[in-house]
Amino acid sequence: MTSQTHTNGAAAAAPGTLRKPSWGSRKAAIVALLFAAPAFLMYAAFVLVPLCLSVYYSLLRWDGIGKARFVGLNNYLIVLTDSDLLQIIGNAFQLVLYFTLIPVLIGLAVAAVIREHLSGPFGTVTRVVLFLPQVIPLVAAGIAWSWMFASSGLVNQALRGIGLGDLARGWLGDFTFALPAVGLIGAWVLLGLCTMLLVTGITKIDPSLYEAARLDGAGPWQEFIHITLPGLRQELGVCVTVTVIAALASFDIVYIATGGGPGIQTTVPGLEIYRLAFAHRQVGLASALAIFLMVLVLVCVLPIQWLTRVKR
Amino acid sequence: MNRLTADALVARTLIVILMALTLMPFLSMFTAALAPTGTYPQGLQWPADPQWMNFAKAFEVAKMDQLLLSSVLIVIGVVPASVLFATMAGYGLAKFDKGRGRWLYLVFVLGLTLPFEAVITPLYYEIKALGLLNTRFAVILPLIGLFMPFGVYWMRTHFVNVPKELSEAAQIDGASEWKQFWLVAVPIAKPAIMSLTILFFLWTWNQFLLPVVLIQDPLQRTMAGALGAFQGQWGTDIPLLCAGALLILAPTIAVFLIFQRQFVAALLQGAVKG
Chain G
1 MTSQTHTNGA AAAAPGTLRK PSWGSRKAAI VALLFAAPAF LMYAAFVLVP
51 LCLSVYYSLL RWDGIGKARF VGLNNYLIVL TDSDLLQIIG NAFQLVLYFT
101 LIPVLIGLAV AAVIREHLSG PFGTVTRVVL FLPQVIPLVA AGIAWSWMFA
151 SSGLVNQALR GIGLGDLARG WLGDFTFALP AVGLIGAWVL LGLCTMLLVT
201 GITKIDPSLY EAARLDGAGP WQEFIHITLP GLRQELGVCV TVTVIAALAS
251 FDIVYIATGG GPGIQTTVPG LEIYRLAFAH RQVGLASALA IFLMVLVLVC
301 VLPIQWLTRV KR
Chain A
1001 MNRLTADALV ARTLIVILMA LTLMPFLSMF TAALAPTGTY PQGLQWPADP
1051 QWMNFAKAFE VAKMDQLLLS SVLIVIGVVP ASVLFATMAG YGLAKFDKGR
1101 GRWLYLVFVL GLTLPFEAVI TPLYYEIKAL GLLNTRFAVI LPLIGLFMPF
1151 GVYWMRTHFV NVPKELSEAA QIDGASEWKQ FWLVAVPIAK PAIMSLTILF
1201 FLWTWNQFLL PVVLIQDPLQ RTMAGALGAF QGQWGTDIPL LCAGALLILA
1251 PTIAVFLIFQ RQFVAALLQG AVKG
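Sequences listed follow chains G and A, in order. Per the numbering used here, the first sequence runs over residues 1 to 312. Per the numbering used here, the second sequence runs over residues 1001 to 1274.
What the hints contain is simulated information worked out from the structure, not anything from laboratory work. Since this is a predicted model, take the numbers as computed values, not measurements. Take every hint as true, because none was put in to throw you off.
One side of the interface only, derived from the structure: several residues of chain A facing chain G at Cβ under 8 Å: (1) Phe1026; (2) Thr1113; (3) Glu1177; (4) Leu1268.
For each residue, glycine too, the CB sits at the ideal point set by N, CA and C.
Given these sequences and hints, build the entire structure.
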């Protein structure tokens, strides 16, 4: 039996190796490149060219209208030393805590206890409801939550309802609580996606692993550490990547919910780029911050991809 | 076995709480939208005299009909072209499994994590130089370009994974490459193309930064861009703002509910592959 399949396989492979690979020729390569040409042209015109321009602008002192002056790496120096800009970059990292940790931890908790496919009508309803925040524009999430966090909004109403009325405040206008409040909006948006990703991921783990662990006398916590977490490595990588990018490059939610205030308490790099370029007419500095943000996202995301890569 | 059912109960309770948390903001907006305009309603409180006319008023004030048309025009401009270009490029680049040609694919992949903010400033000057500022093309053309990294990545992954036997069995002798693409590759790739279409539709419809920077007139923008302007104008009138926001959301939610299975699948796969 085995030898027969072997010979069959060899026979089947032989003509394939003998036949000239259809795309080996120069003409074939040109045809393939032609297929990629429209996509590449649009990508080059509206991404690569602007990106190069961004790098070029970042070396200038320019108000967008008048004469530009070459200032070398000065703008980058400002990005790395100006206390306001450093605070703004720090804000983005604080948002990562909320955007990433909350959805991933809650998602993990749900996935770990459910460990089965969400089927039937309950599953459908769950999927539809939990995905709603992914479907609506972030702007709408911002508006809905501005209202939730308003002084007469639901959050304060609930606090008063349980006798904690002293804590009630206009959350998004509060110097201490505005940034965490914005973070919670992002957590709300990303929670459903992470939960569903992790719940879907856990159904792919071989149930016999859990049975074997139980026979060995493993408790739920040990199961979680030794089976669930490693089994969800890829999905965890996806969740962390998506949410970290959403936090570092956030714009819509902040623009709508707080406009970056009070002060610069909730200003993030995306919003500051917009302001510097179009309100303060500091195109050079805005571009330096833009390039910095792009590199920052890459530097944060690449290690995550590296760590969670599944070996094939 | 007991532990399993107890776990299931805990999990379901957790999920029900999550669902409640997800729906609460919508519910709160809904009750606020029914309060008399210009008043300050409470977070969650069914009004004594529900003002259903608020929705009609918001429809008129927001010029919903024009907004819908504008969003649809932008989607028509962006989505078919993006899907076509991405499918073609994915097909072409899948031919280069290794060696030469791979660098081109890597150039596309490099754009996968690019925040739109990184290119928005030069885009403004570029669009201005092209004389397209304040037209819908100011959003349509850049969006096609910005969608290419994900689109090409998505379609190439699909074409690389198509079993060789399947595509070779379906090959038509003597047909031109172009025919081969349309008659063999595209039909095989239908599910992937469908998911990509859904994702591009959502990302276009919800796009905010580009319309806000590149189009001044809210009526030429996407729904999301217009919502921002609506908030700026009516932000202090909470019932009207909530009614308007819900109206602007309604078409998206309706489309989502109709195609929920495809949407959820697309979003889950989109996240995993992105």
